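Each protein sequence line maps, in turn, to chains A and B. Here the first sequence is numbered in the working numbering, starting from 1 and rising by one per residue. Here the second sequence is numbered in the working numbering, starting from 1 and rising by one per residue.
Errors might be hidden in some of the hints.
No copy labels: a pair is met if it fits in one copy or bridges any two.
[To be verified] In silico SDA-like cross-links for lysine to any residue, where the CA-CA straight-line distance does not exceed 20 Å:
(1) K59 to T10
(2) K17 to K59
(3) K96 to S36
(4) K84 to L64
(5) K84 to L32
(6) K59 to D87
(7) K59 to S35
(8) K84 to L14
(9) K84 to T10
(10) K96 to E126
(11) K59 to G15
(12) K96 to W72
(13) K130 to G15
(14) K59 to D39
(15) K84 to G43
(16) K50 to T85
Just so you know, these hints were derived from the structure itself, not from any lab. Since we're looking at a predicted model, the values are computed, not measured.
There are 2 protein chains.
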Amino acid sequence: MKNEHLSNSTIFPLGEKLGTNFIGDAYLQMILTDSSPLDAVIGNVTFAPKARNNWHSHKVGQVLLVTGGEGWYQEEGKAAQLLKTGDVVNIPSNVKHWHGATKYSWFVHLAISPGETNWYESVEDEWFDKL
Amino acid sequence: MKNEHLSNSTIFPLGEKLGTNFIGDAYLQMILTDSSPLDAVIGNVTFAPKARNNWHSHKVGQVLLVTGGEGWYQEEGKAAQLLKTGDVVNIPSNVKHWHGATKYSWFVHLAISPGETNWYESVEDEWFDKL
Numbered sequence: 001m002k003n004e005h006l007s008n009s010t011i012f013p014l015g016e017k018l019g020t021n022f023i024g025d026a027y028l029q030m031i032l033t034d035s036s037p038l039d040a041v042i043g044n045v046t047f048a049p050k051a052r053n054n055w056h057s058h059k060v061g062q063v064l065l066v067t068g069g070e071g072w073y074q075e076e077g078k079a080a081q082l083l084k085t086g087d088v089v090n091i092p093s094n095v096k097h098w099h100g101a102t103k104y105s106w107f108v109h110l111a112i113s114p115g116e117t118n119w120y121e122s123v124e125d126e127w128f129d130k131l
Numbered sequence: 001m002k003n004e005h006l007s008n009s010t011i012f013p014l015g016e017k018l019g020t021n022f023i024g025d026a027y028l029q030m031i032l033t034d035s036s037p038l039d040a041v042i043g044n045v046t047f048a049p050k051a052r053n054n055w056h057s058h059k060v061g062q063v064l065l066v067t068g069g070e071g072w073y074q075e076e077g078k079a080a081q082l083l084k085t086g087d088v089v090n091i092p093s094n095v096k097h098w099h100g101a102t103k104y105s106w107f108v109h110l111a112i113s114p115g116e117t118n119w120y121e122s123v124e125d126e127w128f129d130k131l
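Excised from the complex, chain A in its bound form:
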């Protein structure tokens, strides 16, 4: 766990390493799971350089708040967007997409998730390495 490279990004806990639906080293710490006052849970997601999730979609959508590092967000059929600390992404419902770290930076975001997720194929090196 190379989180000595995470300077200024470890606001919320790193949590546990994720397995399924991710490539590379990614970590999740849920920070809010109460059923009220939000109809949503909040997780802190940390990606090591090159780590990313598989293509997926959210039935209700999702909000990402970037708290550290640099990463990518890409919707199917669109160019990948570079994300930096302070960026906010409003992911529409049922839009296939992925997110993860850049090649050289860790990437940390909060994910506010009001509904279920459908998972699809992984983001292979052939695709990722062209970014």
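Starting from the known structure of chain A, fit chain B onto it as the hints suggest.
Chain B only, in chain A's frame:
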């Protein structure tokens, strides 16, 4: 604006200075106001040392995510709780409370607000100085 003391806390923009319902220098930048996918708006709130909001309550509740500094959260009839970076506060609906910075630290939190706010009296120096 003494945000040179805000090292490592300026993840989201400082925004505009708040007037009504606050004592001291506090700032708000809304970072999410879209009506979907959350039934809530998200603001980044920054308090200079000693700044705090008036007593208030939220019809639906509110979630605070502390991203920098140290502050206080106090519900009516209870002891004030010291908050630090990484703390999460789930504020129940219709509970009278206030939050703000400590005497010597800036304090930065995200506020996720699903409903309206009712404002009451200010937190006077006589009260605050005893903390």
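Going down the list of hints, with the structure as the test:
1. Taking the shortest alpha-carbon separations for K59 and T10, neither the intra-copy value of 29 Å nor the inter-copy value of 32 Å comes in at or below 20 Å.
2. Taking the shortest alpha-carbon separations for K17 and K59, neither the intra-copy value of 24 Å nor the inter-copy value of 37 Å comes in at or below 20 Å.
3. In the homo-oligomer, the alpha carbons of K96 and S36 lie at most 20 Å apart only across protomers (17 Å), although the nearest pairing inside one protomer, at 28 Å, exceeds that limit.
4. In this assembly of identical chains, the alpha carbons of K84 and L64 lie at most 20 Å apart only when taken from the same copy (11 Å versus 22 Å across copies).
5. In this assembly of identical chains, K84 and L32 lie within 20 Å of each other by CA distance solely across copies; the values are 16 Å between and 23 Å within a copy.
6. Proximity of K59 to D87 under the C-alpha cut-off of 20 Å is found in neither arrangement, the shortest distances being 22 Å within a copy and 29 Å between copies.
7. In this assembly of identical chains, the alpha carbons of K59 and S35 lie at most 20 Å apart whether taken from the same copy (18 Å) or from different copies (16 Å).
8. In this homomeric assembly, K84 and L14 come within 20 Å of each other (Cα to Cα) both inside a single copy, at 18 Å, and across copies, at 16 Å.
9. When the C-alpha separation of K84 and T10 is checked against a cutoff of 20 Å, the pair qualifies both within a copy, at 15 Å, and between copies, at 13 Å.
10. Taking the closest pair of Cα atoms, K96 and E126 come within 20 Å of each other only inside a single copy of the chain (19 Å); across copies the shortest separation is 55 Å, beyond that limit.
11. Taking the shortest alpha-carbon separations for K59 and G15, neither the intra-copy value of 25 Å nor the inter-copy value of 32 Å comes in at or below 20 Å.
12. Taking the closest pair of Cα atoms, K96 and W72 come within 20 Å of each other only inside a single copy of the chain (14 Å); across copies the shortest separation is 41 Å, beyond that limit.
13. Proximity of K130 and G15 under a CA criterion of 20 Å is satisfied in neither setting, with 30 Å inside one chain copy and 37 Å between copies.
14. In this homomeric assembly, K59 and D39 come within 20 Å of each other (Cα to Cα) both inside a single copy, at 13 Å, and across copies, at 15 Å.
15. Proximity of K84 to G43 under the C-alpha cut-off of 20 Å is found in both arrangements, the shortest distances being 18 Å within a copy and 18 Å between copies.
16. Taking CA atoms no more than 20 Å apart as the test, K50 paired with T85 passes inside one copy only; the shortest distance there is 17 Å, against 27 Å between copies.
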